[in-house]
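Student: Listed below, chain by chain, are the residues.
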Amino acid sequence: MKILTRNIDRPNPAHIDSYLVNEGYVALPRALNEMKPEEVIDEVKFSRLRGRGGAGFPAGMKWDFASRDRRKPKYIICNADEGEPGTFKDRVLIEKDPHAILEGMAIAGYAVGAEYGFIYIRGEYPVGARILERAIAEAEKRSFLGRNILNSGFNFHIVVHRGAGAYICGEETALIESLEGKRGQSRIRPPFPVNVGYSNLPTVVNNVETLASVAPIILRGGNWYANIGTHECPGTKLYSVSGHVRNPGVYELPMGVTLRELVFEHAGGMRENRTFKAAFPGGASSACLDESELDVRLDFNSLAAVGSMLGSGAVMVLDDTADMVKVAHVLIKFFEHESCGKCTPCREGLFWVRRVLDAILEGRGTEADLDLLLDVCEGIRSTSFCGLGEASINPVVSTIKKFRHEYMAYIRGQSLAESSMEEAS
Amino acid sequence: MSADVTLEDVRQDAGLEETEEPLDLAPVQRIIESLGETKGMLIPVLQEVQKVYGYVPEEAADMVADLMGIYPSQVFGVLTFYTQFHLTPRGRHIIRACSGTACHVRGGKSVISKLEHMLGIGHGETTEDMFASFEKVACLGACGLAPVIMIDNDAHGQLDAVKTERIMENLREMDMMKRGE
Numbered sequence: 001m002k003i004l005t006r007n008i009d010r011p012n013p014a015h016i017d018s019y020l021v022n023e024g025y026v027a028l029p030r031a032l033n034e035m036k037p038e039e040v041i042d043e044v045k046f047s048r049l050r051g052r053g054g055a056g057f058p059a060g061m062k063w064d065f066a067s068r069d070r071r072k073p074k075y076i077i078c079n080a081d082e083g084e085p086g087t088f089k090d091r092v093l094i095e096k097d098p099h100a101i102l103e104g105m106a107i108a109g110y111a112v113g114a115e116y117g118f119i120y121i122r123g124e125y126p127v128g129a130r131i132l133e134r135a136i137a138e139a140e141k142r143s144f145l146g147r148n149i150l151n152s153g154f155n156f157h158i159v160v161h162r163g164a165g166a167y168i169c170g171e172e173t174a175l176i177e178s179l180e181g182k183r184g185q186s187r188i189r190p191p192f193p194v195n196v197g198y199s200n201l202p203t204v205v206n207n208v209e210t211l212a213s214v215a216p217i218i219l220r221g222g223n224w225y226a227n228i229g230t231h232e233c234p235g236t237k238l239y240s241v242s243g244h245v246r247n248p249g250v251y252e253l254p255m256g257v258t259l260r261e262l263v264f265e266h267a268g269g270m271r272e273n274r275t276f277k278a279a280f281p282g283g284a285s286s287a288c289l290d291e292s293e294l295d296v297r298l299d300f301n302s303l304a305a306v307g308s309m310l311g312s313g314a315v316m317v318l319d320d321t322a323d324m325v326k327v328a329h330v331l332i333k334f335f336e337h338e339s340c341g342k343c344t345p346c347r348e349g350l351f352w353v354r355r356v357l358d359a360i361l362e363g364r365g366t367e368a369d370l371d372l373l374l375d376v377c378e379g380i381r382s383t384s385f386c387g388l389g390e391a392s393i394n395p396v397v398s399t400i401k402k403f404r405h406e407y408m409a410y411i412r413g414q415s416l417a418e419s420s421m422e423e424a425s
Numbered sequence: 001m002s003a004d005v006t007l008e009d010v011r012q013d014a015g016l017e018e019t020e021e022p023l024d025l026a027p028v029q030r031i032i033e034s035l036g037e038t039k040g041m042l043i044p045v046l047q048e049v050q051k052v053y054g055y056v057p058e059e060a061a062d063m064v065a066d067l068m069g070i071y072p073s074q075v076f077g078v079l080t081f082y083t084q085f086h087l088t089p090r091g092r093h094i095i096r097a098c099s100g101t102a103c104h105v106r107g108g109k110s111v112i113s114k115l116e117h118m119l120g121i122g123h124g125e126t127t128e129d130m131f132a133s134f135e136k137v138a139c140l141g142a143c144g145l146a147p148v149i150m151i152d153n154d155a156h157g158q159l160d161a162v163k164t165e166r167i168m169e170n171l172r173e174m175d176m177m178k179r180g181e
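Sequences listed follow chains A and B, in order.
FYI, the numbering for the first sequence is 1 to 425, going by the numbering used here.
FYI, the numbering for the second sequence is 1 to 181, going by the numbering used here.
Some hints could be false.
Unchecked claim - Simulated coverage check for chain A against chain B, where a stretch passes if three residues somewhere in it have a Cβ under 8 Å from a Cβ of chain B:
(1) 31-43
(2) 77-88
(3) 161-168
(4) 242-256
(5) 360-372
(6) 396-409
By construction, these hints were calculated from the structure, which means they are not laboratory data.
Heads up, the beta-carbon is just placed ideally off N, CA and C, and yes, glycines get one too.
Generate the whole structure from the sequences, applying the supplied hints.
Tutor: What follows is the structure in structure tokens.
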């Protein structure tokens, strides 16, 4: 089922004419001419669309909160700071179907009463940023954006803002700080951005994929969308599959596909003569699943139920050549580097977790270190200021729980001979 | 040291007189004029400044602070927070190798060692001839093509040591041709 990826295989897919061929910019005039803003919000509520950035918050509710706030101006921010390791789905939409994002933003603007939109795109996507700017110019020329859109009296302007390299800016309050020209450090929540966001005004922050789902929902109706996927998590999801599978790539599937089906039916299965060992189903900050969990459904609720998370839908698959201790080490080094430094548990805790992992990998570890790691990780999880610290320890905790024997091998000085990841490919 | 001795004297005694040409700061002013002085434009302004000079010189950062009415310490805070800002001159080409997990498990390390070996430099360093700067970065968002590197604005994927060598040789040739060597 192709909703989000319906346009990406066309020739010159990013051009406005390619978008218009397939009901592009049909939803926007329908919303502007035939629907009241409340009706647009209701339709998105009926769809039960949940935010695709990771938290899975109902998009319609977010819009509703922002629309009820009477202060102006309001802002729509498209979070295109796709920085979760293993995630590359938004890049596909940005580069191949930018108008779907713009149309979704304009509809969101109309629904909540916002006249300004920002696209915060990570600095590592220079090509995507240029494509978006070109698309905005095309849309303005045809009056799908800008002043008095299609003579409806509604104005909506979009500006592209390039990030400058900071993972934390994917967190919505850090993103807003960064847009305001500051260091990207998270704000305390509440108040939430829907009331106190950009310039302390009502702001909706939605992920690229969330916004790209909006036009189809307005066109076909919320009920149509709600019947795809699972009851709690409707719609299709873009899964970014990477790692040791035959065909890594982005796959659009109904929400709730099992890990087994995604890996073995869609991504071509494991590489030759290799077997599945583990997968991180929601990017670097999710708890890993092992072989016994291949039948878990990849949606927000099912993954939360097994102590992991869907996150952005970045499925990193590892085969029997993977050394889980080294994998955990690579991931924690990433979070240690990306910790913004604001709160102590995350900044100092991750440093010490990495140090203990260093020691284990160098053969200086003891079994007590594993308990120490779990203890420090729990401290980081429960006391960090924002989601970065809270989720950062998942790969360490889950690998200790599920692959303790690999840690023990290092501690006993018998690290698995053939398990070195570097030789894996 | 008596109070009459100025910092300037100390510098001169130590042979630290500034001999370099002063930097042309006109572009900084033009950038701020075109982008505006609102505080929210600080990051776009610094990005443009970096485009002009290849890095953000201290004098330019001070001028940005002055013209935008922001404390230099805040500008410096922003410059050092985001990994894409650089305070020292960089090479003509920027080579970024992904050290993210997806690339790591597909042999990214051999690509990184090849690059380090060919360039003779490590993470965050620039070759003496200013040909290239090298950085190990976290996830470039192209994990489907792992292992991945980025040369300037172009991503190169599904690499191994041999392919990396070929790409780097091409880059060196192109660079030499452009410089008329």
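Student: Against this structure, judge whether each hint is valid.
Tutor: Structure-based check of each hint:
{"no.": "1", "hint": "31-43", "result": "violated (count 0)"}
{"no.": "2", "hint": "77-88", "result": "holds (count 7)"}
{"no.": "3", "hint": "161-168", "result": "holds (count 7)"}
{"no.": "4", "hint": "242-256", "result": "holds (count 6)"}
{"no.": "5", "hint": "360-372", "result": "violated (count 0)"}
{"no.": "6", "hint": "396-409", "result": "violated (count 0)"}
The structure fails to meet hints 1, 5 and 6 from the earlier list, while all remaining hints are met.
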